[in-house]
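Protein chains in written order, with the numbering used here: chain A, 1 to 388; chain B, 1 to 368; chain C, 1 to 535.
Hints may contain errors.
Unchecked claim - Below, a list of computed lysine-lysine pairs in the DSBU-like style, where the Cα atoms sit at most 30 Å apart:
| # | chain 1 | residue 1 | chain 2 | residue 2 |
| --- | --- | --- | --- | --- |
| 1 | A | Lys-257 | B | Lys-10 |
| 2 | A | Lys-327 | B | Lys-168 |
| 3 | B | Lys-10 | A | Lys-258 |
| 4 | C | Lys-521 | B | Lys-10 |
Keep in mind that the hints were calculated from the coordinates and are not lab data.
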Amino acid sequence: MNRRRMAVLTAFAVSLVLCGCMNRVELKDRTIIRMIGVDTDEEGFVVTMLQFSPQAKPGEQNSSSAAVVIQTSGRSISEAVSKVSHYNGNEVFLGNSSFLVVGQEAAQEGLERTLNYFNANHEVSPELYVAMAQGRAESIIRAKSQEGSNPTQLKSLVEQGRRNGLLGRPTLRDVMNRLQSNRAEPYLPVLTTVELDGNEDVLKIVGMAVFRDGRLQDTLSIEQTRGVLWATNELNRALITVDFGEEDASRASVELKKSRSRVKVEIVRGYPVFHLSIRSQGSIREVSFDRGGGAQVDELTEIQNQVAETIRATVRQTIDRVFFEQKSDVFRYSEFLKKYAPTYWKEHEKDWDRLIEKSRVEIEVSCQIDHPGLENKHHQIVKMTRSA
Amino acid sequence: MLNEQIRVPKISRAQLVALLVLTRLFILLIFVPTTHESPGGTTSLVSILFGYLLTVPVLIPVFLLLRDYPGMDLYQVARQLSPRLGKLAAAGFYLVCLLAVIETAAQFSIFLTSAVYPRASSLWLVLIFCGAVLYLVFLGLEAVTRTAAILLVAVCASGVLLVLGLWKFWDVLNLYSPFYEGFSAVLYSTVLCVTQNLELVALVLLVSNLNTDQIRSTFWGYHNLSNLMIWLMAFAAVVILGNDGETRSFPVYTMFALSGSNVFYRFDYILIMLWVGTSMIRAAMYLLLASRMLNELTGRRFGWWIPALNGAIAAVAAVVVAGDIRQLRLLYLSLASGLPVYLLVVLLPTVLLAIRWKGKREPKEGQA
Amino acid sequence: MMKKLWQQLLDPHSEERTRQGGLFDASQPQGVGSRKEAQARLKRDLLENMVKIRSLAQNTADLQDRQIEVSGVRVSILMCEGMVNLSQFGESMVKPLSRLELKDADGEAVAEWVSRNTALSGDQKEFFTYDELFTFLMAGFVVLLIDGVDRGIACGMQGYSFRSVSEPSTEMNITGSREGFVEPIRINLTMIRRRIRSPSLRFELLSVGSKSRTDVCLVYLTDTADPKLVEAVKQKLARVSADLILSQGYLKPYLEGRPLSPFSTVGTTERPDTLCAKVNEGRIAILVDGTPFALIVPYLFSEHFQSMDDYSYRPYYGSFLRLLKYLSFLISVFLPGLYVAITIFNPEMLPDTLLYNIATSEQQTPFSMMTEALVIHLIYEIMREAGLRLPRPVGHAVSIIGALVIGDAAVTAGIIGSSMVMVVALTALSSFVVPSLYEPAAVLKFVFILIGGTWGLFGISVGMVLLLANLCALESFGIPITAPTSPCAAADFRDNFWRSSWEKLGKLRLRVQDLPGSRLKDERSAGGKKGEGRC
């Protein structure tokens, strides 16, 4: 029995000696990074990081924290990140970084070489938001917003943007998934700063960056972004304003709550035809009539048709620009081919660029307004579809 | 004191099923595309089903044999029918089980140092792991199976949480044709499903510890549950992770990390705990079986020194293997190649059946 | 005459008593008489007996003896001072004896009369050895030795002071009985008998402890408890080698099979209703004289989370409380270790805001997270222990100081972070939800702090699995203590993690020896049948 006790005690003592076997790092010895921006220069990468720096004093209940910007460079991102320890001797901790901003130039040189480091890092969450800066990522990180709230502001910007149909799912996992696929391409929201009052900067989403072969190909406007999201079934909510009535004198704002899109693939005369059907459901938020009075039933139908036409036109324009002109498959049509026509895809995968030129995208949009708003005395709910 | 030396531990059918299913799930957690050479993706969805069917005829000889020897395991039958063959079988079982322990410890270390603690010392991880496993062995088979049953319930519950947390990442576009990479890939993957199933070796050794004679229902319980869980996990990996699941190491770990983002921020800590438990139970089971076989080979003279010796061998070998991914791959392939299953679960019972048939004929000829 | 008797008996300094050969002879040598010597049989000669008794008792001050004549026969009355109910003694013994007039009586006639023709007390026994004499004397019996008779008569007239029946201090109840056991075993037996009015309820008295000869009573239902279990308990109690048995804790190690585990396989209870419920499930209760706690064997791990209150509430709330207890136990053991492990090794697992708050609060503290956790939990344990031992008025002051020391001063001084205070508070509160598991929880939390601080989440996981396996390896008299969770029986789950309604609880009669994995039944013959709901 005594021997057993000695053995147990010895085990405990040994365990204390083994404090170094797991490479423990106290929280106070870590440099907690909240946001990272990656740019490129002649030598390699320039990494700008927003560090969380608590200003706590003993006993303070509400301690403030300062945001400190650190910038390092290196031939690789690993090298640049490791140089952060030259500032304060602490170990860099990326586990709670909420945002990664890629500079425009870095995006042009190739997204994968920028993201590989983060994808392979066990600390980094797969749900890390990724965005591209209009210009250098440094400007986003250094934006003089309210003290310490840049990442928070950005995060809520992104989340609101997703809800309001300004951007899709710009997480590290989604981007890497597309980069690792055969031909599908990623997209990223584009950010910029807008100066207010000379002292404060506000972050703004200005559109979407589309890629081809992992390199930046084009930047889309907000409207065109919506077209992409409609086509890829990632649009949650959107507000569309249409003109209707005699000489388009009346105007209606329709809030689309749900949009669903489906793609069917057909091989016609040796080339793929993608049938994109979009169904939207919404309600009228605001109507202003030319004569100020009530509207007829047909006007509601006309509004629906106008909305459907607007959606169709937006999606058409976006597909023409992104898919046919830039040959960037953000719509994942290659994966649809792989799923629904695997044999065909296997044979023609290598001629994807040529396939794009010869393929067609047929768009069908339907819109249903199920709620006419508060002012409903002149409206009745009518279901109409109009094929585009 | 080693429990087995006091009396033969008895476990229920459900406990054995839980133990085997849990150890089988180990393969899910340590999946590394570069070392495991499994096609993965949608191919695995079909190959798991084919593997489920193919495993059944593989076990016909052993069922036919054990049917006539209730309460005995394959080694005991071999020893009874042919002492020399019994020794050989014990050596074979010992080697396979010990290799399984080494593989488990090495995989465990690689997972932790790849996905969780990149700068941790592999040596100490293996030593701590092997020490803990040795303690489990000393607690005995009953304790290990009871723990396994509880852990399996935890795994199932966490699987439900996983699914609930991942529903928004569901993308059916990731489900392409399972025959996309050709029939040969499906066939290869199917065969791998059978040959990777090292738990069949454990099953034929543990039937003597059952408190019932219903071996076939035990097998069906294990076979159905394990294949169902593996299939569901593979399906989730395909539809949720897509290409990421085929190229990223430890895709299940990634799924858990994603899953918590809905409610609890991250769930990967749950996976780490379950994974540690699963690994320990697997290693403990095989170490127990290896110790039993070595005990038989040495004539039961060394008592608790045997598990300690096996634990030491496993620890040293695991440290060496974990330090070199090529050696680990070699070890894995040697176990998954099918040699253990073919030799010990198919060939050995077939030979024993032949010996028994010959033995029954000879007295008849003598009488004639 | 009665008055004379009283005075003679009660006055320890009476010269007359001393002249008659009381036991207060200082010339007798001091020291302990051997038990072997006391095993000798009583003699017929009263004087010889008295001399022997005097020498064996070593002139102990509390032993009173008085010689009287009953119908011409000398009778010696012995008792221990303060242990006898004097009014009962006077009414039941003195009066009848003093009035007894037998013609031509000898010792045997008097003994016969006392034994057969009267009942001087409800509990009246004959004995033959000095050892038994002392046993009865020290149990509060009044002992009669009659000249010419080689046996004695012990009459139960206990009247010593004891604590009255009150609410149990360790098992509080909101609804239900407020009675708790008391120190005298006889009163505890009556409390049990009142609750189970069945002839199958059996009390089996044993004497344990070579010097204390403490009364230990086995309580079980003959139609429910397994006879092998009863026999096993008796065998274990027979192996008790201690001189003194002063509380139930002295017997626990003998009843537990595997001491190298933080969990006990023997339960304790202070409540008669709880004891009755356990006994009804085939368990055996062991009452120890002199302690208000009863031991219960076999004891399962899930019983720590059961209380009488669960059965007074409606099933949904009872189940909620049950689950809350499980959660509280897990928090009390693992929360500090997990907190240390995650903040040191895996801070990416914390939500952003929480991480920033913790980082801010820990920024100025001088110690590592593990050291902080160890120190603050140690301080808490010191204060808790101090609060238990101190008198109540001072105890309040200690708790106030404790709150100030930990809650405010330590944080203000920058010794610990405010987040650590939350962890300590939550851990402490959680540990009191399941009081019977306080001991293992208190020690294990330090173990897991050490493990978490050195090996991180990996170490915590290994520790958890080892602890679980250790628990699964424990058996209480052949029954795994993790039953019915593992090995599992679906039918027995009705009162495990949740509490089913009384309709379901009353349907199947649970007997502890029928639990899955029990060695008390033949598993092979009973297992494998369909329809039993065994998983």
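Quick one: which hint numbers does this structure break? Sort them smallest to largest.
-> Violated hints: 1 and 3; rest satisfied.
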